[in-house]
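Colleague: Guided by the hints, dock chain V onto chain G, whose structure is given.
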Amino acid sequence: MKELKRILSKPRTVLALALIILANAVLFVREQVKNDYGLDVSLPLGGTVIMFDTVTVTSEIADARGAYAHYLDWIEKVRDMAPSDAAEYLRLQKDALADAIAADRDKNDGDIDEDARLDYAAVNSLIDRVDYIAGYGELLDNIRANKENLLSFSIFNKPGSFSSRNIIKTADEFEKLEDVKLTLGADGAVDALLSFHMTDYLLTLALTLFALSFLEERRAGLWAVVYASPRGRLRLAVKRTLILLFVSAAFVLILYGTDLMLGFSVYGGIRDLGRTVQSVETLGRLPIITTVGGFLVRYFILRAAAAFLIGLLLWLLLSAVDNVKYALVAAAFAIAVEYSLYTFLPVQSAFNVFKYFNIFTYISLSDLYTDYLNVDIFSYPLGIRAVSQSALPFLCIFAASACIFAMCTKRPASGRDILGRAAYIINSVTDKLLRRFHMLGMELYKTLWIGKGVVIVALLAYAVTELTFSVSVPVKSLSEQTAREYTVEFAGLITDDTLSRMDAEQERLEGDVAAYEDALIAYDRGELDYKHLNVLAASASTAKTKLEGLAAVRERVQSLTALGKEYGIEPWLVDEIPFESVYGARAQYERRTAALTAVLALTLILAANVTYERQSGMQKLLSASARGRGTLIERKLATAAIAAAAVWLLVYGAELRTFMCDFTVTAWDAPVQCVAMMQKFPFHITVRVWLVLLYLYRYVCLYCVSVVVLAVSSFASRTEAAYVAACALTVIPSLLYAYMNVDVLAPISLIVPVEAMSLLTDAGGAVSALLAWSAALAAVTAVAIVWLFVSANGTKRRISRT
Amino acid sequence: MKLELINLTKKYGSFTALDRVNVTFTEGIYGILGANGAGKSTMMNLLTDNIARTEGKILFDDGADPFDSDGADILTLGRSFRRVLGYMPQEQGCYDHMTAETFLFYMAELKAIPKKRARDEIEKLLTATNLYDVRHKKLGGYSGGMKQRVLLAQALLGDPKVVILDEPTAGLDPKERIRIRNFISSLSRGRIILLATHIVSDIESISDKIIMMKRGRVVGIDTPSELIGSVADKVKELPCRAEDLERMQELYRVGNVFQRQGKTWVRVVGDTLPDGGQYVPDHLSLEDVYLYYLGA
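First to last, the protein sequences are chains G and V.
Residues in the first sequence are numbered consecutively from 1, following this note's numbering.
Residues in the second sequence are numbered consecutively from 803, following this note's numbering.
Next comes chain V alone, as it looks inside the complex:
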């Protein structure tokens, strides 16, 4: 199974939201990292055919036909692509007047899932997202986190082969975030899961690959460990006086600011680092990668 983006471009007038993106997704979880406006949601919207592309192709091959490994454009596939697609948008749009259960049954209808299968799946997903006990409550009475989980549940209805999740853990408390993260991780087999977020801890532990996006372009694709390894000699921790902090932030990409032994310390990321302090090759995280690639 393969989903291939070829020269995918989206322009709004003179502004280029996505610039000739070429990526091939195969089975696994892909974390898409980028600051606000990096083009993550634009890519998601193009993948779900919610906005019109300006240029390029999105080819999908479900792997069913061994003689056709290129696949077909999702626009040509139309409904048959949408049948294998699970999508959770960034906005918490849902019918506030419906209960979670009715909403999921309705979504199952839209996805053309037979009733009996839908019933089983909905029960399973409601349990997995910890919503089973409130399934008869109207969505309008749900908190942001609960709505987020309902939307995730609907995205996973119908055993989709391509799952596109735009900020799936936004608004969840830490416990729920871990729960959902683990649940997504358990689904990766036999699926392409694209997970866009700017919360790096969400994808650090579960992504097979991470795509770094900046100003509509892909600036890096690799496994989390490779990406972390790539910044091994680019992170330092050093003490900093409070009055120098602002100057430090102007000159370098400053990550965490923390207190240690009564002093203020800063974590700095970059090719050029200040003198002094110490490298931290054993305590690197995806946040350092984020700052290094996408920080400025």
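One chain only, chain G, in its complex shape:
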């Protein structure tokens, strides 16, 4: 108990564990939202007439959260039906709903009844589930038939070969499932639990923290003292093993329990646990007879055992090398090798034993239940799941014994520090490089290398690949779609030529309509057959839709011409989609996420910057040296500028790349007011210049954030406190405002000015809100800079007062 208390008395460990739990919950929910709660939420377009190749049109989507509620209702409606009947019924319902949506569009100028949208998305997704349940018997039959078919081929039926044994084993295992009855239910929580792999890695991280805390005496130089004490060997080792067992179970319960509970809360409550486990499609290939509830209990127990094993292996790996830092490097290397084998080794490889009998088999435990696989061990098919499960208790006992043995026998002063010597050689090389660095270089070294900023940058680079910077702008009707396509076609400076091209197109389309009307008369007269009439009817229908689209474009052209006269600018017809997709109101969530990621990364890179000087006891030395006051602060501000530039480049470079590469932007030289969302922008600049200014502005905002973080850092005396304080100021208000709609925090949410576009688009391009924010941010930054210099020269200030 005392040992556990010791571990948990370290604020850094507690903080890290709390962050792991929080991150797990936040990321889990985010994942569900990102995956539209496992539903296909696209709506029917009401026709698939694509008239031009220039535009990729995304169909309108339904609100996924609402659709899931309807999905649960539809489950209740078809629950008691036979699966095949349910599938047929749902298909009919889907067609009916699609027709209703199409009719709604025509009637209400593109607006569709909300219930119809949600029902359509729900039914469409449910059909897949019902199809799976209806087809499960067939799946089992296929496995059985495969056995007979494959064994009839000579290459498979060679007695004693892996192939024939594997076919027989597979068929035998699934034979047991012949009588299971699959029923429809809400699978979301279990699906989410099994597919959310981030929890696996966060659990491993938590276990690493505990394993590292067992090496604390080495780090603190107390290893010899602990080893020499009467209870410092076997007793302590056994205690630590039990602690690891306890925390493994506890963290499995906390992390996976959070996932499951959040899953239940998101996916309609705790329900449908009595169904056979194969009713959940993800577990369809699990050849054991149990219920969903029974599976969950078994899963949690095995998870806890696997976590215990992972913890033990990490402890063993880390304690293998005397120096904790080198132990971390060695452990990281070993884990990287295991991960590479697990991820990149092909299933068919002769060495696939290393792929499956691997620590990551236990880290990614859910794969054992979602995939069915036998590996070839001396021509015998061994089920990965069965072997991994059966081996687990033995491996735990073996690893626990090894850990205890290592702790009892590894002497503090016995180690030949091979890695230490290697590190000395590496240090001698880096020293040669570092001696060339001037103050700025050294500040960067301290921030990026010593302060682990480079890890944050690497994580940011990864996070950026996961971010989305644009959203689809859905079309409500075919006429809207054609309007978009015409906009693309006529985009550019509005001239007489534009108008005459539009006139010509209108004439052509009206001709098509007229041709159909003439044909109709001819048909009535019997001069035209039905087939030709039908062709003309189709082109007339298309022409009418296009005419509506053309009319909308003409209207836009007229308003732009008027706008041009009003502002004294050249009117341009601009394809709005790229702008709406990236900078419009619809992409606000994406922009906020990007801004929050950037602010968080900057905060983590710089929060400990000034605090580190104090914590390492360097403050007095620095302020007694010639350049340790003002000059040092100047260099720190320059470091902050570089850190801000790196973050800006990563995040907003990716956004700009999305804008420039994922869309065809032709309006670079158009006045920015010609983009609808920027109509009220007060300065006469082109889109190109506007974009340059926007990104520069965002850089300046990020720089301001980093200066504020530095100022906060100068208040704290411990790095943990600095991280907490800086996050509390820069990240938490933004997080609460952006994701939990705590609007009262809007005035102190730094993502608002960093993201910037919402301030502009909400005002139709007017810059008053942006200027207000800029003034506030500039004032705060100025105060922060003054404070940094004053605190560096604090003595003088106090003396002048006395």
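Since the hints were made in silico from the structure, they are not lab data.
Don't take each hint at face value.
Stated by the list, open to error - Derived lysine-lysine pairs resembling DSSO-like cross-links, with alpha carbons at most 30 Å apart:
hint	chain 1	residue 1	chain 2	residue 2
1	G	10	V	939
2	G	239	G	5
3	G	94	G	107
4	V	949	G	10
5	G	544	G	476
6	V	949	V	918
7	V	918	G	432
8	V	939	G	452
9	V	949	G	410
10	G	77	G	94
11	V	918	V	963
12	V	949	G	452
13	G	10	G	452
14	V	917	G	432
15	G	2	G	239
16	V	917	G	452
17	V	939	G	432
18	G	432	G	325
19	G	544	G	531
20	V	1038	V	1011
21	G	325	V	939
22	V	859	V	804
23	V	917	V	963
24	G	680	G	565
25	G	476	G	34
26	V	1016	V	949
27	G	239	G	325
28	V	813	V	1011
29	G	432	V	926
30	G	2	G	410
31	G	410	G	325
32	G	410	V	939
33	G	325	V	949
34	G	432	V	949
35	G	147	G	176
36	V	949	V	963
37	V	804	V	963
38	G	452	G	325
All of these numbers come straight from a predicted model, not from anything done at the bench.
Modeller: Okay, now just chain V, sitting in the frame of chain G:
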């Protein structure tokens, strides 16, 4: 060259840590002796402008201007004073993630020492402090004594004219202590070296002058031999029964307690000494001086 403290005072609320100290330092080594809390570190911190003074002046004259022998306050001089200052604080603060070599190069940068000169000096100082062979090891892996030597090396970087060393030999083994002591002694020419410690043997042999501090005040300044001479008739050695030892310590300032010819002897220092025993005028040390001036 001159460093002058005029009425230097530091108060923390009602507590006076340094009380109107007036001292003038010229070239040479000054040992500052005092018990914990005597005000040594406060004086060091004021001299390095690490804390704000409550009252008084610290004037520095580098001797470059023959027409201005008063000098200027170090606060006015600011960076130009810090350029000639070498400081080793009492706390072993350093960047544990840096190697000794990188740390010294970084300190050289902070002291605005040109790269080439820094390289030469660092090599010399690493050799002098016996750290050359471990210069690429991270400071986090250094023992307390090794860290102490790195800090001393950084204090001496840039050929400083004023060197302030706060407990420079704390944590060093006897061999290293002698080595460092001799090294400091060799540096005294053309410099003001202030060496604060409560290990009297450190300064006994190398200090030109010793400043005795007690409760924030300077209670004596002189050369070691003069100070030792001043207690010539104030030290006695006498036998003492074990059961009387406690009573003896209550009544007198007792120094060493030692065994001689099967008996327990005590060395007593003070103006009033017990009867019996013998004066030891030929075997006096700075420890006796310490006990006499600062003992109670």
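Colleague: Next step is simple, just say for each hint if it's right about the structure.
Modeller: Evaluation of the provided hints:
1. Restraint check for residue 10 of chain G and residue 939 of chain V: satisfied, since their Cα atoms lie roughly 27 Å apart, inside the 30 Å limit.
2. For the hint linking residue 239 of chain G to residue 5 of chain G, the alpha-carbon distance of about 12 Å falls within 30 Å, and the restraint holds.
3. A hinted pair counts as satisfied when its Cα atoms are at most 30 Å apart, and residue 94 of chain G with residue 107 of chain G qualifies at roughly 20 Å.
4. For the proposed pair residue 949 of chain V and residue 10 of chain G, the alpha carbon gap of about 26 Å is at most 30 Å, so the pair holds.
5. The hinted pair formed by residue 544 of chain G and residue 476 of chain G meets the criterion: a straight-line CA distance of about 16 Å does not exceed 30 Å.
6. With a C-alpha separation of about 24 Å, the suggested pair residue 949 of chain V and residue 918 of chain V falls inside the 30 Å cut-off, and the hint holds.
7. A distance of roughly 13 Å separates the Cα atoms of residue 918 of chain V and residue 432 of chain G; the hinted pair therefore holds under the 30 Å criterion.
8. For the hint pairing residue 939 of chain V with residue 452 of chain G, the CA-to-CA distance comes to about 19 Å; that is within 30 Å, so the pair holds.
9. Among the hinted pairs, residue 949 of chain V with residue 410 of chain G is consistent with the structure: their alpha-carbon atoms are about 28 Å apart, no more than 30 Å.
10. The straight-line distance between the Cα atoms of residue 77 of chain G and residue 94 of chain G is roughly 14 Å, inside the 30 Å bound, and the hint therefore holds.
11. Restraint check for residue 918 of chain V and residue 963 of chain V: the C-alpha separation of about 20 Å stays at or below 30 Å, so the hint holds.
12. The suggested pairing of residue 949 of chain V with residue 452 of chain G holds, with an alpha-carbon distance near 23 Å, which does not exceed 30 Å.
13. For the given pair, residue 10 of chain G sits about 20 Å from residue 452 of chain G by alpha-carbon distance, which is consistent with the 30 Å threshold.
14. Taken as a hint, the residue 917 of chain V and residue 432 of chain G pair is honoured in the structure, with Cα atoms around 12 Å apart against an allowance of 30 Å.
15. Simply put, residue 2 of chain G and residue 239 of chain G have alpha-carbon atoms about 10 Å apart, close enough for the 30 Å limit, and the pair holds.
16. Taking the CA atoms of residue 917 of chain V and residue 452 of chain G, the gap is near 27 Å; set against the 30 Å cutoff, the hint holds.
17. With a C-alpha separation of about 13 Å, the suggested pairing of residue 939 of chain V with residue 432 of chain G holds against the 30 Å cut-off.
18. Pair hint residue 432 of chain G plus residue 325 of chain G holds up; C-alpha atoms about 22 Å apart against a cutoff of 30 Å.
19. For the hint pairing residue 544 of chain G with residue 531 of chain G, the CA-to-CA distance comes to about 20 Å; that is within 30 Å, so the pair holds.
20. For the given pair, residue 1038 of chain V sits about 25 Å from residue 1011 of chain V by alpha-carbon distance, which is consistent with the 30 Å threshold.
21. The hinted pair formed by residue 325 of chain G and residue 939 of chain V meets the criterion: a straight-line CA distance of about 13 Å does not exceed 30 Å.
22. With a C-alpha separation of about 13 Å, the suggested pair residue 859 of chain V and residue 804 of chain V falls inside the 30 Å cut-off, and the hint holds.
23. About 20 Å separates the Cα atoms of residue 917 of chain V and residue 963 of chain V, which keeps this hinted pair within 30 Å; it holds.
24. Restraint check for residue 680 of chain G and residue 565 of chain G: satisfied, since their Cα atoms lie roughly 14 Å apart, inside the 30 Å limit.
25. Straight-line distance between C-alpha atoms of residue 476 of chain G and residue 34 of chain G comes to about 22 Å, which keeps the hinted pair within the 30 Å bound.
26. The hinted pair formed by residue 1016 of chain V and residue 949 of chain V meets the criterion: a straight-line CA distance of about 29 Å does not exceed 30 Å.
27. At roughly 24 Å between alpha-carbon atoms, residue 239 of chain G and residue 325 of chain G fall within 30 Å of each other, so this suggested pair holds.
28. For the hint linking residue 813 of chain V to residue 1011 of chain V, the alpha-carbon distance of about 27 Å falls within 30 Å, and the restraint holds.
29. Using a Cα cut-off of 30 Å, the hinted pair residue 432 of chain G and residue 926 of chain V holds, with the two alpha carbons roughly 17 Å apart.
30. Straight-line distance between C-alpha atoms of residue 2 of chain G and residue 410 of chain G comes to about 23 Å, which keeps the hinted pair within the 30 Å bound.
31. With a C-alpha separation of about 17 Å, the suggested pair residue 410 of chain G and residue 325 of chain G falls inside the 30 Å cut-off, and the hint holds.
32. Taking the CA atoms of residue 410 of chain G and residue 939 of chain V, the gap is near 24 Å; set against the 30 Å cutoff, the hint holds.
33. A C-alpha spacing of about 20 Å is found between residue 325 of chain G and residue 949 of chain V, which places the hinted pair at or below 30 Å, so the restraint holds.
34. A distance of roughly 21 Å separates the Cα atoms of residue 432 of chain G and residue 949 of chain V; the hinted pair therefore holds under the 30 Å criterion.
35. Under the criterion of a C-alpha separation no larger than 30 Å, the hint pairing residue 147 of chain G with residue 176 of chain G is consistent with the structure, at around 15 Å.
36. Straight-line distance between C-alpha atoms of residue 949 of chain V and residue 963 of chain V comes to about 23 Å, which keeps the hinted pair within the 30 Å bound.
37. Among the hinted pairs, residue 804 of chain V with residue 963 of chain V is consistent with the structure: their alpha-carbon atoms are about 10 Å apart, no more than 30 Å.
38. For the hint linking residue 452 of chain G to residue 325 of chain G, the alpha-carbon distance of about 13 Å falls within 30 Å, and the restraint holds.
When the structure is compared with the earlier hints, no violation turns up for any of them.
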